[in-house]
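Chains as they are written, first to last, in numbering that gives the first Met the number 0: chain Z, 0 to 274; chain E, 0 to 390.
Quick caveat, the hints were computed from the structure, so don't treat them as lab data. Any given hint might turn out to be false.
[As the list claims (entries may be wrong)] In silico BS3-like pairs for lysine-lysine, Cα to Cα no more than 25 Å straight-line: (1) Z:K54 <-> E:K377; (2) Z:K51 <-> E:K377; (3) E:K286 <-> E:K52; (4) Z:K177 <-> Z:K141; (5) E:K52 <-> E:K214; (6) Z:K114 <-> E:K383; (7) E:K110 <-> Z:K43; (8) E:K377 <-> Z:K114; (9) E:K377 <-> Z:K6; (10) E:K213 <-> E:K88; (11) E:K377 <-> Z:K8; (12) Z:K54 <-> Z:K6; (13) E:K89 <-> E:K110; (14) Z:K84 <-> Z:K6; (15) E:K383 <-> Z:K54; (16) Z:K54 <-> Z:K84; (17) Z:K43 <-> E:K122; (18) E:K102 <-> E:K122; (19) Z:K48 <-> Z:K84; (20) Z:K219 <-> Z:K177; (21) E:K122 <-> E:K88; (22) E:K229 <-> E:K52; (23) E:K213 <-> E:K229; (24) Z:K253 <-> Z:K237; (25) E:K217 <-> E:K229; (26) Z:K77 <-> Z:K43; (27) Z:K6 <-> Z:K51.
[To be verified] With the C-beta cut set under 8 Å, the calculated list includes, among others, these residues of chain E facing chain Z: (28) E304; (29) L308; (30) Q312; (31) F341; (32) M378.
Ideal placement from N, C-alpha and C gives every residue a C-beta, glycine not left out.
The lines below spell out each chain.
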Amino acid sequence: MWEYTDKVKEHFINPRNVGEVENPDGVGEVGSMACGDALKLSFKLDENKRIKEAKFQTFGCASAIASSSAMTEMLIGKTVEEAEKITNDDIADYLGGLPNEKMHCSVLGRDALEKAIYCYRGEDEKVIDGNIVCECFGVTDKDIERAVTENHLKTIEEVTNYVKAGGGCENCHENIQKIIDDINNRGADAVPIKKELTNIQKIRLIEETLEREIKPALQKDGGNIELIDVDGNRVLVKLIGTCATCKASQLTLKNYVEIRLQEMVTPDLIVEEVK
Amino acid sequence: MDIIYMDNNATTRVAPEVLDAMLPYLKDFYGNASSMHSFGGSVGREIAAAREKVAALINADPGEIIFTSCGTESDSTAINAAIRSNPEKKHIITTRVEHPAIKNMYEYLAKNGYRVTWVPVDKEGVLDLGYLYSHLSEDTAIVSVMWANNESGVIFPINEIAEKLRNKGIVFHSDAVQAVGKLPVDVKQTGLDMLSISGHKIHAPKGIGALYVKKGTKFSPFMIGGHQEKNRRGGTENVASIIGLGRAGELANNHLEEMNSRVRAMRDRLESGLLQNIPKALLNGKKDERLPNTSNISFEYIEGEAILLMMDQLGICASSGSACTSGSLEPSHVMRAMGVPFTAAHGSIRFSLSTYNTEKEVEFVVENLPQIIDRLRKMSPFWKEGACNLQ
Chain Z
0 MWEYTDKVKE
10 HFINPRNVGE
20 VENPDGVGEV
30 GSMACGDALK
40 LSFKLDENKR
50 IKEAKFQTFG
60 CASAIASSSA
70 MTEMLIGKTV
80 EEAEKITNDD
90 IADYLGGLPN
100 EKMHCSVLGR
110 DALEKAIYCY
120 RGEDEKVIDG
130 NIVCECFGVT
140 DKDIERAVTE
150 NHLKTIEEVT
160 NYVKAGGGCE
170 NCHENIQKII
180 DDINNRGADA
190 VPIKKELTNI
200 QKIRLIEETL
210 EREIKPALQK
220 DGGNIELIDV
230 DGNRVLVKLI
240 GTCATCKASQ
250 LTLKNYVEIR
260 LQEMVTPDLI
270 VEEVK
Chain E
0 MDIIYMDNNA
10 TTRVAPEVLD
20 AMLPYLKDFY
30 GNASSMHSFG
40 GSVGREIAAA
50 REKVAALINA
60 DPGEIIFTSC
70 GTESDSTAIN
80 AAIRSNPEKK
90 HIITTRVEHP
100 AIKNMYEYLA
110 KNGYRVTWVP
120 VDKEGVLDLG
130 YLYSHLSEDT
140 AIVSVMWANN
150 ESGVIFPINE
160 IAEKLRNKGI
170 VFHSDAVQAV
180 GKLPVDVKQT
190 GLDMLSISGH
200 KIHAPKGIGA
210 LYVKKGTKFS
220 PFMIGGHQEK
230 NRRGGTENVA
240 SIIGLGRAGE
250 LANNHLEEMN
260 SRVRAMRDRL
270 ESGLLQNIPK
280 ALLNGKKDER
290 LPNTSNISFE
300 YIEGEAILLM
310 MDQLGICASS
320 GSACTSGSLE
330 PSHVMRAMGV
340 PFTAAHGSIR
350 FSLSTYNTEK
360 EVEFVVENLP
370 QIIDRLRKMS
380 PFWKEGACNL
390 Q
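Chain E on its own, in the form it takes in the complex (with noise of 0.2 Å):
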């Protein structure tokens, strides 16, 4: 059975050239970055060449950008830099909608003495700027905002919310984790602060990621070692990765008008084909302002986990806000942010493609997710014929 990999804004595949780029490193040049002679020294290079190629990704300077682990490392090091480069600013804010790396984050320095404001979303996700903008104070150490969302793919306006902050002595902090490589993101026009990258959600492997720290900006590193990244980060330099990001982002920077031409089209396709062909079903997320290649759609009356496992049966990956399919026994934060009735919340599923799908692929699904979806309904006490049993 062929996969029809539909669960982009999860993780990638890793690019076939990021592959190519990679595995010298893991081969042959092995060398540490850090030694003297040339066969390491050559290694040295590589990574200065991938940190141009990170940094032209989104307009930095290379001096402005520290290699980590993962968007987690580049959001907790972030966080840390700011509130250790402000100790006697104890309020922090942020949004209701942001991934757990950023709001266990905040939950866990809530209840070690900082105030933490969380900013709320309505019922398409749109960010209540004024409720920001209105908490703003002298004890505000660092705003954090999402580029984009992860589940709604609903677009935050960072540029206005820099604006608003400039000058003002707050560090403003973006993860843009799920926007880099699918929106054109330039950080000298935005002027933020600092900014997360994540690798493997724009086809380089897991376990690398990027931080973007403004020239000037108060620092203090999180991982404290070594000399590496200018001892803004301690620890040997994952080479093979680094060089895989490099590749990674000139990928992207070439996509980009792909992504925002071709893969909408099959977004909007896709979603039109099934709020079309299936009763009772609501598109999640502002219309409008969304990333290219994100539709969440609910579909009421039935619950996410048992669509996804159906979904799994044809091949078809994606994933859903349901409770079920976290373990926990509540619909995702950012569902609930949302107001998304339990009706539909339960029944939510994300789509997310890649400059990988075709067209097929969302004419495969557009065909057969009706079904699944009416042989559930079928199944729920609550569908009665295109009508809920209960109202």
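Bound-form chain Z, shown alone (with noise of 0.2 Å):
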């Protein structure tokens, strides 16, 4: 049994705004039977341009109905431009918070926001934008990535709680993992390469490191730093300038040239003075 909170039982045995609104501003479908939910939701607008009314219709199970309850409740008196600021995070935290595995049932609420906005503004329905990635669900790249995104999600399992996408099958599990991956590394240019490397792939990466980072940091210094071999695991190196007469370049190489290769490269390295 789901553990739910209290305002998800109360808003799923005694729903708000449930129906059409008669002749509509906008209205947003999502979900098939096939999936297990389908939610329809429509909203009209009063003179201000504010929601006057917002009403559902739900296919689903207890924290579907509660978060479609919650949204049209959370709409009403907005303007579209505000109601546009819904996240799903906002749906789940209204209800005080849904179990991981049914955070799908936010989204579903966020999605028929969305295309009802689209509805009322008289856009292009949202085509699918992107890949199919789950065939099982129908769920894009783009959707993926939106929910990563957004939801700061960083496993397989947790993109399945929030877009069901690689609930069925798993066939798209290793696409699902290698979306998550590049969002993960996207915008930390300095990717720690953890994997094994080739001692040629070693060698470069080292390289690399010291030039782009240690030396200009020892530089500021007025000291430098030569690679002079690396011996497996060992990387030999010799010490320039004020460094190699500085009291404190034990620590300096120890202390930031060795942990920085290490984070850099690969945990296993020992960085050593050649005088």
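Both chains are given apart, each in its own frame, so use the hints to dock them into the complex.
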């Protein structure tokens, strides 16, 4: 049995705003019976362009019904611009949280809202954007990227909880993992490479790290460093300039050069000074 | 609020008689059956008596009964024994609708060098025997077919399959946890090699099961340890639960008649009441070949978890094959194997009765469920005044 909050239970047992708005200004339909949940949202604005009425019809489990009900409550009184800012997390928060496996119910609400706003603005209904990754639930790479970025998802299981992708035959797990990796690596231009490196890759990466990071840092203090050799995991270096005479040079070598190289190249590296 | 418990294929209440039989062995008679002193020895005699009672339930010899910790252990033990005793054979046959205790074990073996044939069922949940027979080969180590399906309640023709497999050198195992106590099960007449029993499905506590192994069947223990169970299952006996299972077996034998008359009548009343009073309600499983206590009904255009939680408000306990109840995103593998359309699979509810249910409870459910279904359908975008919005 799921651990639903009292608020989820309450919205499920006494859902608000069930039905369809007459002469709506916006309508959004998402999901399907095959997917296990579907939501039709409609809203109507008052003369001040605020949402006067919002109603839902939901096919789905208790948390899908509660998420829909909560969303209509959140919408009423807002302008479309304000409504547009509602995220799936806001819906979940409004309900005091949802079980992880049920986060896709809040995403369903957000998606229906988005569609209803498209409809209101007379924009083309969002056609399938991107390429289908999960065939079982018709989830595209764009959907997955968005969920991963917005909710800081780290694992395939989390992606499944939020957008269902990967919850069926599991054939797409590799592709989902790739999307997660790509997003989590993006931005961090200096990505620590922890995979098995060939010798030549290792040496190049050591050189790069020295050139890009370590040398400029030492040069600021009038010092420098030179790579002499790489013997297995032993990195042999020579300290030059002020570093060569600095009493703290051993500290610099161990606490800065070695740690940085371990982070950037491989944790097994040991830095040794050659006089 | 009174609980109306109609989820007896999931688990059952411990019968008061069973608890009474067990309690002395949790309090006063704590001896080890293997001990030399008479304090322990008396416990050994009670275990022997329990073994006789469980054997009597399925018409086995007491020596053919091994006590285990649960139905899953019985299944794992049977499968392991069959493949270890026939190491040269690399093919196994089972059905597409087995319980996870079997299904996941065979999926594991399929990844580890075994060829698995999954026998399909038709839309009424009836097994494709032709498919099964046509896949038998010299290489087949074991055929494992459940006696009755836990979700649809459909009974498989175990006698007929056993007849076909006779003298073929193939181990025939049946997971009978749903059948025992609900149907007459006679291993001598059937002639299968191994059969799994679970205690908590027949009003014994959770944590006790049994495996029938026909005399002369090649065996290799799954739990390796002490000499208990004649070296077939190591580990100090779960004395109180074994005694409980013995008592439960006795009661099940006595209640078999009631199960197939009064309980069946209640099930039929529940089923016809719901099917008549609720539009777009479909029966899952072949009507005439089902367990007497089970009814699986799909309520189209709504979702099972929501139905269950609404029923929960009234104290009614049942289960669903919907995706949402399991935490997976797809409806149950049994519903999918039967080809139940998604529109119906997500809204399937299984009622499973026991002798403890009353006619009054059945009437309460028949009276109250239509409102729940109606209420949820009014929320569904696919439902419009008795018809599907989309079609």
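Given hint K51 of chain Z paired with K6 of chain Z - CA-CA distance at most 25 Å = holds, 23 Å
Take a quick look at whether K213 of chain E and K229 of chain E sit within 25 Å of each other, Cα to Cα.
-> holds, 14 Å
Quick one, is the F341 of chain E hint okay against chain Z at 8 Å, beta carbons?
-> holds, 4 Å
Going straight from one Cα to the other, do K177 of chain Z and K141 of chain Z come out at no more than 25 Å?
-> holds, 13 Å
Agreement of K102 of chain E and K122 of chain E with the hint, judged by alpha carbon distance not exceeding 25 Å = Holds: K102 of chain E and K122 of chain E sit about 20 Å apart, inside 25 Å.
25 Å limit on alpha-carbon distance, applied to hinted pair K89 of chain E and K110 of chain E | Judged against 25 Å, a Cα distance of about 12 Å means the pair holds.
Regarding the hint that Q312 of chain E lies at the interface with chain Z, is the smallest CB-CB distance below 8 Å?
-> With Cβ-Cβ at 7 Å, under 8 Å, it holds.
Compare the distance between the alpha carbons of K122 of chain E and K88 of chain E with 25 Å, and conclude whether the hinted pair is satisfied.
-> violated, 32 Å
Given hint K88 of chain E paired with K213 of chain E - CA-CA distance at most 25 Å | holds, 20 Å
Given the hint that K217 of chain E pairs with K229 of chain E, does the C-alpha gap stay at or below 25 Å?
-> holds, 14 Å
Given the hint that K114 of chain Z pairs with K383 of chain E, test it: the Cα-Cα distance must not exceed 25 Å.
-> Holds, because 22 Å separates the two Cα atoms, which is no more than 25 Å.
Take the C-alpha atoms of K253 of chain Z and K237 of chain Z, compute the straight-line distance between them, and say whether it is at most 25 Å.
-> holds, 13 Å
In the structure shown, a violation is registered for the earlier hints numbered 3, 7, 17, 20 and 21, in ascending order.
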